[in-house]
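Asks: Just so you know, the protein sequences line up as chains Y and R, in that order.
Residue 114 is where the first sequence starts when you use this note's numbering, and the numbers rise one by one after that.
Residue 1291 is where the second sequence starts when you use this note's numbering, and the numbers rise one by one after that.
No lab work stands behind these hints: they were computed from the structure.
One or more of the hints may lead you astray.
Taking lysine-lysine pairs in the BS3-like style, the calculated list, with each CA pair at most 30 Å apart, reads [stated by the list, open to error]:
hint: 1; chain 1: R; residue 1: K1368; chain 2: R; residue 2: K1345
hint: 2; chain 1: Y; residue 1: K170; chain 2: R; residue 2: K1363
hint: 3; chain 1: Y; residue 1: K170; chain 2: R; residue 2: K1360
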Amino acid sequence: KAGVTQTPRYLIKTRGQQVTLSCSPISGHRSVSWYQQTPGQGLQFLFEYFSETQRNKGNFPGRFSGRQFSNSRSEMNVSTLELGDSALYLCASSLDPTGMNTEAFFGQGTRLTVV
Amino acid sequence: AQTVTQSQPEMSVQEAETVTLSCTYDTSESDYYLFWYKQPPSRQMILVIRQEAYKQQNATENRFSVNFQKAAKSFSLKISDSQLGDAAMYFCAYRSGIQGAQKLVFGQGTRLTINP
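All chains should be modelled from the sequences, with the hints used to inform the complete structure.
Replies: This is the structure in structure tokens:
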């Protein structure tokens, strides 16, 4: 069974540009969450999608957005990139978020560098 | 808001020895889950062990066990018979017990080094 797949693995962008990151969850998983990991702030929750709807959002500016498709694949977009957006972006998928015993399985992340 | 604190930025242990990583958390909820995740150099977060707050029994997974003290809001991880492959960043994480809640709140992490 394939794990959570994030593409691309590495990305270099220029300040002011926008970027789109992709996450394919484990087959059958319907919930996808995104996290930003930086040395200074650690791991911070960005947002979570379930059945194409954003159910929860972290404390990030509106430049960070996401969406989920009918096949549960998710994308996150960052517009007007800033140097501080350089980070490892992790995606996690869960089988059944309405249940009480769901585990979050993580992808290997996308390393975004803004120059 | 819930917070998770890991007070040990770095720890080291001799191979085959036992090490304990500390974690404290703050919440007003009575129903929640606690996790320890491992992040090796490959960067992929791997679930090590989980604990349901309503369970009094401490969780155990092979060489990994936790000491869950609900009243003290403490959740430490004990690794027995440490192996070189255990070297990684370890993150303690909290998740609300509200149905459907998926947001994980992470601590700052502890870097564990295994000395051969």
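Asks: The structure should be examined with respect to each hint, and the outcome stated for every one.
Replies: Evaluated hints:
Proposed proximity of R:K1368 and R:K1345 is supported: the alpha carbons are some 18 Å apart, at most 30 Å. Note on Y:K170 and R:K1363: the hinted pairing holds, with a Cα-Cα distance of about 26 Å set against a maximum of 30 Å. The straight-line distance between the Cα atoms of Y:K170 and R:K1360 is roughly 28 Å, inside the 30 Å bound, and the hint therefore holds.
The structure fails none of the hints (numbered hints given earlier).
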